[in-house]
Amino acid sequence: MIRRHFRRPDHSVPELNMASLPDLIFTVLFFFMIVTHMRDVEKRVNYQVPAGTEVEKAQHKSAVIHIYIGKPTDASSQAKPATASASDEYCIQLNNELATVDDIARFVEAERKRMSAEDQERMTVSIDADRDVPMSVVNDVKQALRKSYALNVSYAASELRKKQ
Amino acid sequence: MRLFRHRRRGEVPSLNTSSTADISFMLLIFFLVTSSMDAGKGLKRQLPPPPQDQEQVADILESDIMTIELDADNRLTLKSTDGKSGEEVSLEQVQKQVREFAAVNPKHRVVALKIDPQAKYDAYFQLQNALVAAYRPLKCPPRVSELIEESGEKEDMSKKKGGQP
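Chains as they are written, first to last, in the numbering used here: chain A, 1 to 164; chain S, 1001 to 1165.
Just chain A, with the same shape it has in the complex (with noise of 0.2 Å):
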């Protein structure tokens, strides 16, 4: 009885319980997959977005297209299309090729093609264009656009703090 009570102290460190570890990693895991989305498209041409200080979210991805446009990078440049424009330096990709205003409204068909009933509806056309692209490239989208009733545009750009 005496002896038990006056034992000496285990010094070994206890060992920690593991088996949680895992669930805890799903967990991360389970909210980078729910809160990202893949990137789908390889950036063919370089850009820069504009900020802005009323910039909003966009509501619904599966129901947003991306118009790129910019300067086409190096590697891709031996594909640019062979058109004489005033306006030649920039590009405008649509999914992963280069290509020219006239191609827009096959491709906004497509891809409202794709979409679900209600998608369509709210579609919108994310206009990702770099920020020293003359008005007369951006002009010429948007008047595809309008021939193709794509009438939701978003300018894309990066988030600015407001001034107070």
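One or more of the hints may lead you astray.
[Said to hold, decoys possible] Within a straight-line C-alpha distance of at most 20 Å, the following computed PhoX-like cross-link-like pairs (lysine-lysine) qualify:
(1) S/Lys1139 / S/Lys1044
(2) A/Lys162 / S/Lys1079
(3) A/Lys57 / S/Lys1041
(4) A/Lys61 / S/Lys1044
(5) S/Lys1079 / S/Lys1114
(6) S/Lys1044 / S/Lys1079
(7) A/Lys43 / A/Lys71
(8) S/Lys1114 / S/Lys1096
(9) A/Lys57 / S/Lys1107
(10) A/Lys61 / S/Lys1041
(11) A/Lys147 / A/Lys113
(12) A/Lys113 / A/Lys61
(13) S/Lys1041 / A/Lys162
(14) A/Lys162 / S/Lys1139
(15) S/Lys1044 / A/Lys57
(16) A/Lys43 / S/Lys1096
Derived from the structure by calculation, the hints contain no laboratory data.
Remember, it's a predicted structure, so these values are computed and weren't measured experimentally.
Could you slot chain S onto chain A? The hints should help.
The following block gives chain S in isolation, referenced to the frame of chain A:
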């Protein structure tokens, strides 16, 4: 003798799960690398429908139009009918003036933009941003008409942009 030893009856062998954490870590890192967090932000605007054959020309009083010009050097010029015309303005001034102008009757007053095709997209975007900011407290979408000057000849870009009366 040991070779033929039988496991004790009724005991299920436990699975070694120590590598599950490693596997899920690898998945986690894969998703971190391949995915992008930025949920495409942008300035939302509405384009007008394409021009019809028989266009209805809306009668708008000249005093209800404010013209903002963006020239090839990305300068903004304000042309209002209330005496002040042809002055070069900054973005802040545009926002202030448009708000004052539109606050009177946001459903009827129209902001007309004249954009030079050589103007930079950034300048145009900042202008649109200022317009949206100016109309924000009015709780009404901006009524904007756009005109792009295409190599000398003028082309009517739109009747109303974003404005549902």
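Hint check:
1. Simply put, S/Lys1139 and S/Lys1044 have alpha-carbon atoms about 15 Å apart, close enough for the 20 Å limit, and the pair holds.
2. This hinted pair does not check out: A/Lys162 and S/Lys1079 have alpha carbons roughly 27 Å apart, beyond 20 Å.
3. Of the pairs offered as hints, the one joining A/Lys57 and S/Lys1041 holds, with about 4 Å between alpha carbons and a cut-off of 20 Å not exceeded.
4. Under the criterion of a C-alpha separation no larger than 20 Å, the hint pairing A/Lys61 with S/Lys1044 is consistent with the structure, at around 14 Å.
5. Of the supplied pair hints, the one linking S/Lys1079 and S/Lys1114 holds, its CA atoms being roughly 11 Å apart against a limit of 20 Å.
6. Taken as a hint, the S/Lys1044 and S/Lys1079 pair is broken in the structure, with Cα atoms around 26 Å apart against an allowance of 20 Å.
7. The hinted pair formed by A/Lys43 and A/Lys71 meets the criterion: a straight-line CA distance of about 11 Å does not exceed 20 Å.
8. Restraint check: the Cα-Cα separation between S/Lys1114 and S/Lys1096 comes to about 19 Å, which is no more than 20 Å; the hinted pair holds.
9. Distance hint between A/Lys57 and S/Lys1107 is unfulfilled; the C-alpha atoms sit about 26 Å from each other, more than 20 Å.
10. Distance restraint check for A/Lys61 and S/Lys1041: the Cα-Cα separation of roughly 11 Å lies within the 20 Å cut-off, and the hinted pair is therefore satisfied.
11. Taking the CA atoms of A/Lys147 and A/Lys113, the gap is near 17 Å; set against the 20 Å cutoff, the hint holds.
12. For the hint linking A/Lys113 to A/Lys61, the alpha-carbon distance of about 16 Å falls within 20 Å, and the restraint holds.
13. Distance restraint check for S/Lys1041 and A/Lys162: the Cα-Cα separation of roughly 15 Å lies within the 20 Å cut-off, and the hinted pair is therefore satisfied.
14. For a cut-off of 20 Å, the pair hint linking A/Lys162 to S/Lys1139 stands: about 18 Å separates their Cα positions.
15. Pair hint S/Lys1044 plus A/Lys57 holds up; C-alpha atoms about 9 Å apart against a cutoff of 20 Å.
16. Under the criterion of a C-alpha separation no larger than 20 Å, the hint pairing A/Lys43 with S/Lys1096 is inconsistent with the structure, at around 38 Å.
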